[in-house]
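Protein sequence lines, in the order shown, are assigned to chains A and B.
For the first sequence, this note's numbering assigns the number 1 to the initial residue and increments by one for each residue that follows.
For the second sequence, this note's numbering assigns the number 174 to the initial residue and increments by one for each residue that follows.
One or more hints might be untrue.
[As the list claims (entries may be wrong)] Here's a subset of chain A near chain B, in silico, CB distances under 10 Å, partners left out: (1) 39; (2) 60; (3) 75; (4) 104; (5) 108.
Please keep in mind that the hints were generated in silico from the structure rather than gathered at the bench.
No residue lacks a Cβ here, since even glycine has one placed at the ideal position from N, Cα and C.
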Amino acid sequence: MAVLEILTYPDTRLSDPALPVTDFNRSLVQLVVDLQETMLVGPGAVGIAAPQVGVAQRVAIVDVSPVLEGDRNRKPKSSRNGRLVLINPEIVERDGEVTGREGCLSVPDYTGNVLRADAIRVQASNELGESREYHCHGFESRAIQHEIDHLDGKLFLDRVMSPRELFRRKAYK
Amino acid sequence: MSNWYMVTVVGHDQPGIVAGLSRVLSEGGWGLGESSMARLGGNFTIMMMVRGEGSASDLAQVIDPVGTSMGLHVHIDRIQAELHQHPEPNVQIRVYGADRTGIVADVTGDLAGAGLTILDLNSEVSGTGDSPVYVIVIDGFVENGADALDSAVQLLNKKGLKVDVEPIDILVG
Numbered sequence: 001m002a003v004l005e006i007l008t009y010p011d012t013r014l015s016d017p018a019l020p021v022t023d024f025n026r027s028l029v030q031l032v033v034d035l036q037e038t039m040l041v042g043p044g045a046v047g048i049a050a051p052q053v054g055v056a057q058r059v060a061i062v063d064v065s066p067v068l069e070g071d072r073n074r075k076p077k078s079s080r081n082g083r084l085v086l087i088n089p090e091i092v093e094r095d096g097e098v099t100g101r102e103g104c105l106s107v108p109d110y111t112g113n114v115l116r117a118d119a120i121r122v123q124a125s126n127e128l129g130e131s132r133e134y135h136c137h138g139f140e141s142r143a144i145q146h147e148i149d150h151l152d153g154k155l156f157l158d159r160v161m162s163p164r165e166l167f168r169r170k171a172y173k
Numbered sequence: 174m175s176n177w178y179m180v181t182v183v184g185h186d187q188p189g190i191v192a193g194l195s196r197v198l199s200e201g202g203w204g205l206g207e208s209s210m211a212r213l214g215g216n217f218t219i220m221m222m223v224r225g226e227g228s229a230s231d232l233a234q235v236i237d238p239v240g241t242s243m244g245l246h247v248h249i250d251r252i253q254a255e256l257h258q259h260p261e262p263n264v265q266i267r268v269y270g271a272d273r274t275g276i277v278a279d280v281t282g283d284l285a286g287a288g289l290t291i292l293d294l295n296s297e298v299s300g301t302g303d304s305p306v307y308v309i310v311i312d313g314f315v316e317n318g319a320d321a322l323d324s325a326v327q328l329l330n331k332k333g334l335k336v337d338v339e340p341i342d343i344l345v346g
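Just chain A, with the same shape it has in the complex:
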């Protein structure tokens, strides 16, 4: 078990597309454990991807439970699939568009509004190599798209919208 160092922009490794996982071995299981531990140390993080710790493999974790289970009366609209281990994830269906505010462990002190698919169907393997499919919407869907972006070498900064654009969308849509 280890808390790994989080790379922050402008570390160029964050821009490198990650490689598909081919061996579902013990070191992969260990990576998932370490990612989980590292994510929990991050302030309010609901996901993490291997490239954020300098590992160029298509591995990510998403768990929006901490946010959805907060004691607030108004929780974000979201599906709830618990902790998702996403190895070689692929979004096979997208539906709708919605804006929401994102931050990133790898981009300290900046948040911005990003347009994402509202609902997605995602196929992935778990750390044992078993195929899984998830239907997600809202906050959970956003988290998965954010993490898959990391696997493709993208940060939310690549997608951030100007406040004025958001203003017009919110006001007139």
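Once you've looked at the hints, dock chain B against the given chain A.
Chain B only, in chain A's frame:
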């Protein structure tokens, strides 16, 4: 030791203002911090944090050639500045209604009374000349979450305004 200044520039909008200002500042050894430009009613406006070694009059001298040639009003204030300390909003409020005097006063007064701190506000006079519509989008922080604004919102709805409050759940991944 360098000093921070807030430079406010207002004038008739025309191409090249930001480029002209930022070029002379850069060449004069002045660095930019955060900035916000908006086009308000056809007028160019910008506020820029500017940092450098000199006095306010040194800074004014650097800007003057661009200000004079483009017909801009320039105002400079010495400021205390802190970077890397952005408070995050937890609520967005969207307001619209038939334009009348006092909408912003009503909205911000009632919401401040309910505990809202405004972090960002944009407003526009939309609609048509005969039938203007006032639109406001506010990002803010309220200690006890969006629910704390409910009674203020009900009051504003009775004043003929359409007010929506939506929690901002920042995704960190």
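Hint check:
Hint status for residue 39/A relative to chain B: holds, with the closest Cβ pair at about 9 Å, below 10 Å. Of the supplied interface hints, the one on residue 60/A holds, with its beta-carbon coming within about 9 Å of a beta-carbon of chain B, less than 10 Å. For residue 75/A, the interface hint holds, since its Cβ comes within 10 Å of a Cβ in chain B; the closest pair sits about 8 Å apart. Residue-level restraint check for residue 104/A holds (minimum Cβ-Cβ distance to chain B is 6 Å; threshold 10 Å).
For the restraint placing residue 108/A at the interface with chain B, the shortest Cβ-Cβ distance is roughly 8 Å, inside the 10 Å limit, so the hint holds.
In summary, this structure violates none of the numbered hints.
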